[in-house]
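What follows is the residue order along each chain.
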Amino acid sequence: MLANIIEAPSRQTRLMQQTFRCALSALAEPLRPLSLPEVTAPEGIGTALWAMVLTLLDHDVTVYWPDMNESMRANLVFHTGVQIAEEPEKADWVVLHSDDPNAESVLDRVPIGTHERPDAATSILMLTSNASTDVLAEGPGFENPQELKVKLSESLVYRVIQNNQQYPLGFDLFLVGEHSVTGLPRSTRLMMRTD
Amino acid sequence: MVSRFSQGDELQKARHDWLGTLVRVPANEVIEASNAFDFNVVILKGPEVGLLMTNGRIHSTGRPFHLGEVSLTKCVLRDDQGLLGYGHIIGRNKQQAKAIALFDLALQRNDSAHAALIRLDAWKEEIAEIDAMESEVVEETRVDFFTMVRGES
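Protein chains in written order, with this note's numbering: chain A, 1 to 195; chain B, 1 to 153.
Just so you know, these hints were derived from the structure itself, not from any lab.
Do not take every clue at face value.
Subject to a maximum C-alpha distance of 35 Å in a straight line, what follows is the list of computed DSBU-like cross-link-like pairs (lysine-lysine) [claimed, not checked]: (1) B:Lys-124 - B:Lys-45; (2) B:Lys-45 - B:Lys-94; (3) B:Lys-13 - B:Lys-74; (4) B:Lys-94 - B:Lys-74; (5) B:Lys-94 - B:Lys-124; (6) A:Lys-90 - B:Lys-74; (7) A:Lys-90 - B:Lys-45; (8) A:Lys-90 - B:Lys-124; (9) B:Lys-13 - B:Lys-124.
Some chain A residues close to chain B (C-beta under 10 Å, calculated; not the full set) [what the hints assert, rightly or not]: (10) Asn-4; (11) Gln-12; (12) Thr-13; (13) Phe-78; (14) His-79.
Please read all numbers here as calculations on a predicted model, not as lab measurements.
By construction, the Cβ of each residue, glycine as well, lies at the ideal position given by its N, Cα and C atoms.
Let's have the full structure, built from the sequences with the hints guiding it.
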C-alpha cells in the first residue's frame, strides 16, 4: 500500500539548515557549485534534489513536477506536505529535468511575478549534469564574466537569455547536480561565447 | 489482508473517530497502555515538535485571523506489514505522540484490534462522562436570548 515511503533523515533540522544555507549562497554567488549534505533519497529522486525538496517545499507552496511516479509522489507529499500543482501556471516551484523536451514550454508557462510582486515568480529546480560549456555569464555576485559549468541545451540557454530580458521579472533557477547546487537567479545574464 | 480495513475511506472515517478520542486521553494512561503492543516498527517521522498556526473567527462567521501558534508534536510509524500509524498532538510530549501512533497501528491490525478497541471504548465512556458533567455545569448558568417582537399587532 504505502510501504515504499522512506524514513525521514536523522537530524533532519540540521540537514535542512545546511541545505538552506547552500540555497541562499547559491543565489548570492551565482555559478558557484555548492556541495549539499548527503541524504538517503527515495527511488527516482537524486540525493541533492531530495535535500533541496525537503528544505524548500512545505504545505504553504505548490509544486509542478512532471514525470513523477506514484512512489515519488507519495514520498514527496508525506515528507513535505506540499500541494501538487497540475499546471505550471499555478506553481510556486517547478522541478524539471534539463533533458526534458517539454522544458521550454513549461518555462514559458510559469508565473514570472508582477511589477508589484516580483517575488511571486516561480523558482525552478532543474536537474542538470556538470560539463564545460560555451556559455558565459555576468551579473551581480561575481566580478568578471564567467563560464557556466553546467550542461544546458542551446535552446534552454536562449530561453534563459529571454528570461533575463524580462528583468526584474522572471524565474530563478537552481541547477541541481548529483551532489551540488548552482544558482542562476534572474539577475545573472547568460551569453554565448563568441571568440 | 492484514488490515481490518480494505477501503481507504472506511479507514479514514474510523481513524478520525479514534484519533479524536486518543488525543484526549491523559498522556500517562495512553503511554502505559501502548506498552502492551510489541510491534516491529520503523519510525518514519519524528517524534518531532513543530509549530502550528491556529486560525480564529469572531462569532465563527467573521473574517479569519491568526490566533497564535501552538506547539504540535507528530510521529509516524510503519509496521512490518506496511501499515502506517499516525500520532499528532498539541503539546510537546513526544512519548504521547508515539504512543498514539502505536495505538493507531494497533487499531488497524487484525491481531491487536480487539484488545485496543476494549481500551478505546473504556476511554470513550470516561470522556463522555466528563463531557456530560461539564455541560451540566454550563447548563446551570445558561441564558436564553430572544428577540422581542415589537410593533406588530
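Each hint, compared with the structure:
1. As the CA atoms of Lys-124 (chain B) and Lys-45 (chain B) are separated by approximately 28 Å, the hinted pair is consistent with the 35 Å bound.
2. Restraint check for Lys-45 (chain B) and Lys-94 (chain B): satisfied, since their Cα atoms lie roughly 12 Å apart, inside the 35 Å limit.
3. Proposed proximity of Lys-13 (chain B) and Lys-74 (chain B) is supported: the alpha carbons are some 20 Å apart, at most 35 Å.
4. With a C-alpha separation of about 8 Å, the suggested pair Lys-94 (chain B) and Lys-74 (chain B) falls inside the 35 Å cut-off, and the hint holds.
5. The hinted pair formed by Lys-94 (chain B) and Lys-124 (chain B) meets the criterion: a straight-line CA distance of about 23 Å does not exceed 35 Å.
6. Taking the CA atoms of Lys-90 (chain A) and Lys-74 (chain B), the gap is near 30 Å; set against the 35 Å cutoff, the hint holds.
7. Distance hint between Lys-90 (chain A) and Lys-45 (chain B) is fulfilled; the C-alpha atoms sit about 29 Å from each other, no more than 35 Å.
8. Between the alpha carbons of Lys-90 (chain A) and Lys-124 (chain B) the distance comes to roughly 44 Å, so the proposed pair goes past 35 Å and is violated.
9. With a CA separation close to 16 Å, the supplied pair Lys-13 (chain B) and Lys-124 (chain B) stays within the 35 Å bound.
10. The beta carbon of Asn-4 (chain A) is positioned within 10 Å of a beta carbon in chain B (closest approach about 9 Å), and the interface hint is therefore held.
11. With its C-beta approaching chain B no nearer than about 8 Å, Gln-12 (chain A) sits inside the 10 Å limit, and its interface hint holds.
12. A hinted interface residue such as Thr-13 (chain A) counts as satisfied when its beta carbon comes closer than 10 Å to some beta carbon of chain B; here the least separation is about 8 Å, so the hint holds.
13. Hint on Phe-78 (chain A) holds. Least Cβ distance to chain B is approximately 8 Å, under the 10 Å limit.
14. Because the closest C-beta pair between His-79 (chain A) and chain B is about 7 Å apart, less than 10 Å, the hint holds.
The structure fails to meet hint 8 from the earlier list, while all remaining hints are met.
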